[in-house]
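Mind docking chain U on chain S? Use the hints.
Protein chains in written order, with the working numbering: chain S, 192 to 517; chain U, 4 to 322.
In case anyone wonders, no lab produced these hints; they're calculated from the structure.
Incorrect hints may have been included.
Stated by the list, open to error - Computed cross-link-like contacts, DSSO-like style, restricted to lysine-lysine with a CA-CA straight-line distance of at most 30 Å:
1) S/K301 - U/K92
2) S/K299 - U/K303
3) S/K301 - U/K60
4) S/K301 - U/K91
5) U/K92 - U/K60
In this text the structure is predicted, and so the values were computed from the model without any measurement.
Single-letter residue listing:
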Amino acid sequence: MREINFRQAIGEALDEEMARDPTTFIIGEDVGKMGGLMGEIGGLYLKYGTDRVRDTPLSEAAILGAAIGAAITGLRPIARMRFADFLGVAWDEIMNQMTKMKYMFGGKIKMPLTMDALCGAGRRSAAQHSQSIEGMMMHIPGLKIVLPSNAYDAKGLLKTAIRDDNPVIFFEHKLLMWAGPKSEVPEEEYLIPLGRADIKREGTDVTVVATAAMVTRALNAAERLHKEKGISLEVIDPRTIVPFDKETVLNSVKKTGHLVVFTEECQTGSFAGEVAAIVADEGFDYLDAPIKRVNAPDTPVPYGIILEDYWIPSEAKLIKTINEIL
Amino acid sequence: MAIQKEKLLWMFRTMVRIRRFEERVVREFADGNIPGSVHVYIGEEAVATGAIAHLKKEDYIMSTHRGHGHLIAKGGETDKMMAELFAKKTGYCLGKGGSMHIANLDIGMLGAAGIVGSGIPIATGAGLSAKMRGTDQVTLSFFGDGASNIGRFHEAINLASVWSLPVVYICENNLWAVSVPTSTSLNIPNIADRAAGYGIPGVVVDGMDVLAVYEAAGEAVARARKGQGPTLIEAKTYRFRGHFEGDSGTYRPQEEIDRWKKRDPIDLYREKLLEMKVLTRKQAEEIDKEALAEMDKAIKFALESPFPEPEETLENVYT
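The following block holds chain S by itself, in its conformation from the complex (with noise of 0.2 Å):
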């Protein structure tokens, strides 16, 4: 099967999307003859015209307030918000009005709005530009968040997130869209439902759970261990953060005894212990360790590469953790 990376698949499920429904539309900063901060959505302007692929100005409360105007007038947005960092500055938009119309207005409304921003740390960005915001965000009902770690999830989520009536925030770890490895993706057309995660490796002694950027880093602490310990561990990608699979984490857990959350954000109000307070109070009796999380220290990411890489969770905390553990 052919390969492709992050980037392409990004920009193939736009794509596919824009001539799939023509009420699509992408609004954003650069998104015309830039074709995005990597250039992943390339010449799609040409193909779809400036109306439907429309670059912006500096706006982003208005990026995102005219997106909510057009999605409850019969558009289907796309916007694209750079980096997560700058949600910041059209928090309101997020927080106060797409999330909660539908409910105010007593369910009368749909909200088919997608937005994707960059996140993650590993590019030497420092803290305006690097941020994981994931737990910060989950806090909000009536939002759905999706977080790929590789090509073929990334294309397949993004498309059905197009498609699905509630606003969406589209995470891309800069890492992955940057230089992150190719994945066998087929020609032609799939969707990857959100709400299911996938188990990225199967295992027997420890279950962790990882997200973006985490998952590669997961995956090789298993290699590692199981080559050198034969430990086994079982490595969970829940690809959405909402709505979360709860399920594949718990019979997971009741099969290993052991849970390790192993995300990079700050480990205050996040994601992580999100999935360890909901691991403790349903799956306790599964458990013969106490759970783990192995996040970012709660400060913002620093600058350079000798503290960002201390910032950033490594394979080695993984796997320290594991062994205090077992």
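Leaving out everything else, chain U in the frame of chain S:
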């Protein structure tokens, strides 16, 4: 501008209906039948009425926390509105939105926004949608003087200008952002002057004179419909009561309140219509009586309607 008699009378009836609705809201709130907080539109009726008079059913409006008048003018049914305020299941939003969040997309009412200024970019989006879908729908974006100081005012109007969107931005300048007067929050005489910064027309209009609002809005709506882009209208008006029910409004000078109340938009318009011989005193009284009866009916409907079941809390989060 020659205005048909029917339209002139519709405007009078609409203003009276808004006033009578709001007066009942004031009373029902005081009696404890309406929970939460309400912001009434008494004194500002001419703005919504004169502007919305130009709209078709499929046109859009985006409203504010002080939105009852906009919805009534756009064709909202007062019984469903009152039921919503009473937090009843038969309300426009199943009792989930209340006074600050009434919407009814079936008549082009895209919602009311409790966060001041948040509706302005959403209106821009509705305008974008109409343009992209190739319809001639126009969107009216209502907001107050306070909202004109919020960053999104700038972002949203600039965007509508560069894309030449069919949106009319209507600032209801009632001189007070809760307790902060425009004299300390603006360093220019007119909010409409800001239109120059976006390269669009800015128009100041007497917001107590419904015919003046009608005329200014008419030009702006026609421009929008012809694809000539947005307009910023500033209607100078005044809220006769506090910011919310329960706000004594003591921060405003009594002399100022008295001066504005002498220019009650309904009184001014009634006299004008009498003078124009479009209306007789008897007809005016009849219209008022009908409005009172309508509001009695709305209250009865709201009182007799059931509350939602507690478990309905969990519904309508996702599609």
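Tested hints:
Restraint check for S/K301 and U/K92: the C-alpha separation of about 20 Å stays at or below 30 Å, so the hint holds. As the CA atoms of S/K299 and U/K303 are separated by approximately 25 Å, the hinted pair is consistent with the 30 Å bound. For a cut-off of 30 Å, the pair hint linking S/K301 to U/K60 stands: about 20 Å separates their Cα positions. For the given pair, S/K301 sits about 22 Å from U/K91 by alpha-carbon distance, which is consistent with the 30 Å threshold.
With a C-alpha separation of about 25 Å, the suggested pairing of U/K92 with U/K60 holds against the 30 Å cut-off.
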